[in-house]
Amino acid sequence: MKRKALLGIGAAAALLLSGCALNGEQADTGGSTDGPVTLTFQSLAYQDSTVAATKEIVDAWNSDNPDIQIKLTQGTWDNVHDQLVTQFQGGTAPDIIHDESSDIMGFAAQGYLADIGKHLSTETKDAVSEDVWKTVTTKDGKIVAAPTLLQTYVVFANTDAFAAAGVDVPKGDQLSWDDLRTAAKGLTKDGKFGVGWGLKQPTAAIMNTALGYDGSFFDIGDGGKDTIHVGDNEVAVPEHIHAMAFEDKSMDPVSLTQSGTDVLPGFLGGKYAMYVGGNFLAQQITESAPDTFKWTVLPPLAGSAGPVQAANPQTMSVSAQSKAPEQAAKFIDYFMNAENQAKLAQGDWLIPASKPARDAVAEQTKDTPVWAPILKSGEDLAGAPFQQAANYPQWKDQYATPALQKYFANSISLADLKKQLTDGWNSLG
Amino acid sequence: MNKQKVAPVRQARAFSRPLQYLGLAAYVVFLGFPLLFLLSTSVKTPQQLQSPENGFFPTSLNLGNFSAAISKANLVEAAGNSLYVALLTTVIVTLISLPAAYALARFQTKLRGIATGWILLSQVFPFILIVIPLFLVLKQIGLINNLFGLVLVYTVWSLPFALWMLRGYVAAVPVELEEAGAIDGATKLRVLRSIVLPLLAPGLVATSLFTFISSWNEFFFALVLIKDPNLETLPLTLARFVGAEGQVQLGQLAAASLLATIPSLVFFLLIQRRLTSGLMSGAVKG
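Note that the protein sequences, when read in sequence, are chains A and B.
Numbered by my numbering, the letters in the first sequence go through residues 84 to 512 in order.
Numbered by my numbering, the letters in the second sequence go through residues 591 to 876 in order.
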């Protein structure tokens, strides 16, 4: 009996060991193949119209390209990171991966993503600005994704509330923070606030908008240590927010503790005349606002350096484990064309990274005026140093988010905020 | 004299009984509230869900959420996959854990301590720690993207706790009952079939429910192991209603979730009558 048990354990161990050995052999399957291939493409499209548009694009490609067939699968934004970690380890990641630049650069650093720069057409490369390409380029110059759609932080405005308060709706190419504060003060009365901003997770919003004041936060070392500097430019936006909430009292301090979607009912119900959030929330406003609700998007928010925000584009990458990276990149090239990107952008109310696609959206949405400022806000997006700082995710969760939350709860001073952000980064080594 | 003593007791009962019912009703509402909330949300329009005056009761009956949920999330096929996985896991776990629990509870060997330690230890490891090695093993034996692979994982995952639960139920069956059966001439098999098994029915129901519901609701392993849309289980399809940055199609998600809970409720209704206690009270008195 004991002998049988030992044999059983031995057999199981042998099976496991042989499994590991085989896996090691199979993992090295890079390179191109000739002949017909079927590639898997995991899309994270969420809105019904975007899901349908993605399927249309894949179907059109499949009927025109019998030798490169694409099999579409559906993933979800919430879990894509964990899913990819496991699939890369197991060698079963999809050939074509939909994600976002802030998530994929870690995978790229570990060698899981193919360099598709050499396979993309000049047309695709020229369509996207150099600044946005930087967000998908590794330190050693490999392009590991094509940037597709972008989001920016915009100010939504209830135009009826402006009219009722006798405040002019801001117009022009940009909206300065001072003008935002002035408008918010004029709109704050009768228990209603000028602005609601869901900043429960404040770090991303602050890091993105800080570029408007040249707030770069980090100096990226060439292979060495990345260093932090938290000066006046870096904290200019938090200062404005704090002042609006606790000096002007024109921003609801409660909204600062809520998520963006939690604050939306307050905007639709008239509690806030303005609402700051990702431009994609326009889709939710369109779907959920009462018929009588009149709204618009204000010009892009600008600091002393202009209406600049950090670009964190959605991306299309190719797994380094794919047997046909060249063919996969050909599909991405097709996916990136202006017609396809315009279709996808409108479904999600996002901004195409490609200039021709932005022009196409502008043309197709000329009867929907809110699109113009949204598209405008996408013209000044730039790569930000935090996207390349190796310890940023840990710093964000452990130090930046708690420190900003405390500052927005008025429980620490600006000097404390600067100190906590700096000391937190330095403690990570 | 007696009448004087009984009257206050009756009065007290007449006073306390409505309070007991009230407490019970409040408890039932408390337990059922998530389901009622789901029902209420599932028939609201997006406008009502985003309205600041959004109360508990819907102002209109929007059944469009249900039709959208069924067509968009491929609910019927996903429910079939979930049912297959959950039922098969439940059957396998029950078939393995029943004799194992009996052996653990009754046989006094050195292995008992080791096995008990293993059961407890196996509960310590979090999902994320074992998922990559598990994924590699399943890939080698061709069970990635395969519902039976999921059954195997759920079986391994549920077995220790099911075994632990059932061992307690077996230990509670007095060994004297088995001895009495043996004295009356019953074989060991007959004792197990006619005495032990019927007394273990509530334990089997409890472990089956635990296994079924944990397999039915499991998300992460399914997310990692299943790639083919036709093999997706319900939790995977429900995740499609949640987007990036807190976006959620709440009405459709509630409708789909409500439909997804029905099979669990039916399964519970079918077997809950066996979930009784007190079968053995007084069995070995005297």
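Just so you know, these hints were derived from the structure itself, not from any lab.
Virtual Cβ for every residue (Gly too), placed ideally from N, Cα, C.
A hint or two may mislead.
[As the list claims (entries may be wrong)] Which bits of chain B does chain A cover? Going by a derived footprint, with three or more residues having C-beta under 8 Å, they are:
{"#": "1", "segment": "606-615"}
{"#": "2", "segment": "752-766"}
{"#": "3", "segment": "782-790"}
[To be verified] The calculated DSSO-like cross-link candidates involving lysine-lysine, where the alpha carbons are at most 30 Å apart (straight line), are:
{"#": "4", "chain 1": "A", "residue 1": "268", "chain 2": "A", "residue 2": "254"}
{"#": "5", "chain 1": "A", "residue 1": "406", "chain 2": "B", "residue 2": "700"}
{"#": "6", "chain 1": "B", "residue 1": "700", "chain 2": "A", "residue 2": "413"}
{"#": "7", "chain 1": "A", "residue 1": "154", "chain 2": "B", "residue 2": "700"}
{"#": "8", "chain 1": "A", "residue 1": "225", "chain 2": "B", "residue 2": "817"}
{"#": "9", "chain 1": "A", "residue 1": "138", "chain 2": "B", "residue 2": "778"}
{"#": "10", "chain 1": "A", "residue 1": "222", "chain 2": "A", "residue 2": "254"}
{"#": "11", "chain 1": "A", "residue 1": "449", "chain 2": "A", "residue 2": "479"}
{"#": "12", "chain 1": "A", "residue 1": "138", "chain 2": "B", "residue 2": "700"}
{"#": "13", "chain 1": "A", "residue 1": "138", "chain 2": "A", "residue 2": "332"}
{"#": "14", "chain 1": "A", "residue 1": "154", "chain 2": "A", "residue 2": "275"}
{"#": "15", "chain 1": "A", "residue 1": "138", "chain 2": "A", "residue 2": "283"}
Going through the hints against the structure:
Given as covered by chain A, the segment 606-615 of chain B fails the check, having 0 residues with a CB less than 8 Å from a CB of that chain where 3 are the minimum. Counting residues of the segment 752-766 of chain B whose beta carbon lies closer than 8 Å to any beta carbon of chain A gives 0, which falls below the threshold of three, so the coverage claim is violated. A count of 0 residues in the segment 782-790 of chain B with a Cβ less than 8 Å from any Cβ of chain A is obtained; the coverage claim is therefore unmet, three being the minimum. Restraint check for residue 268 of chain A and residue 254 of chain A: the C-alpha separation of about 17 Å stays at or below 30 Å, so the hint holds.
Straight-line distance between C-alpha atoms of residue 406 of chain A and residue 700 of chain B comes to about 53 Å, which puts the hinted pair past the 30 Å bound. At roughly 64 Å between alpha-carbon atoms, residue 700 of chain B and residue 413 of chain A are farther apart than 30 Å, so this suggested pair is violated. Among the hinted pairs, residue 154 of chain A with residue 700 of chain B is inconsistent with the structure: their alpha-carbon atoms are about 54 Å apart, more than 30 Å. At most 30 Å may separate the alpha-carbon atoms for a hinted pair to count; residue 225 of chain A and residue 817 of chain B meet this at roughly 29 Å.
Our distance criterion of 30 Å between C-alpha atoms is broken by residue 138 of chain A and residue 778 of chain B, whose separation comes to about 62 Å. For the given pair, residue 222 of chain A sits about 40 Å from residue 254 of chain A by alpha-carbon distance, which is inconsistent with the 30 Å threshold. Note on residue 449 of chain A and residue 479 of chain A: the hinted pairing is violated, with a Cα-Cα distance of about 39 Å set against a maximum of 30 Å. Of the supplied pair hints, the one linking residue 138 of chain A and residue 700 of chain B is violated, its CA atoms being roughly 60 Å apart against a limit of 30 Å.
As the CA atoms of residue 138 of chain A and residue 332 of chain A are separated by approximately 48 Å, the hinted pair breaks the 30 Å bound. Taking the CA atoms of residue 154 of chain A and residue 275 of chain A, the gap is near 51 Å; set against the 30 Å cutoff, the hint is violated. For a cut-off of 30 Å, the pair hint linking residue 138 of chain A to residue 283 of chain A is broken: about 35 Å separates their Cα positions.
Of the numbered hints stated above, those contradicted by the structure are hints 1, 2, 3, 5, 6, 7, 9, 10, 11, 12, 13, 14, 15, listed in ascending order.
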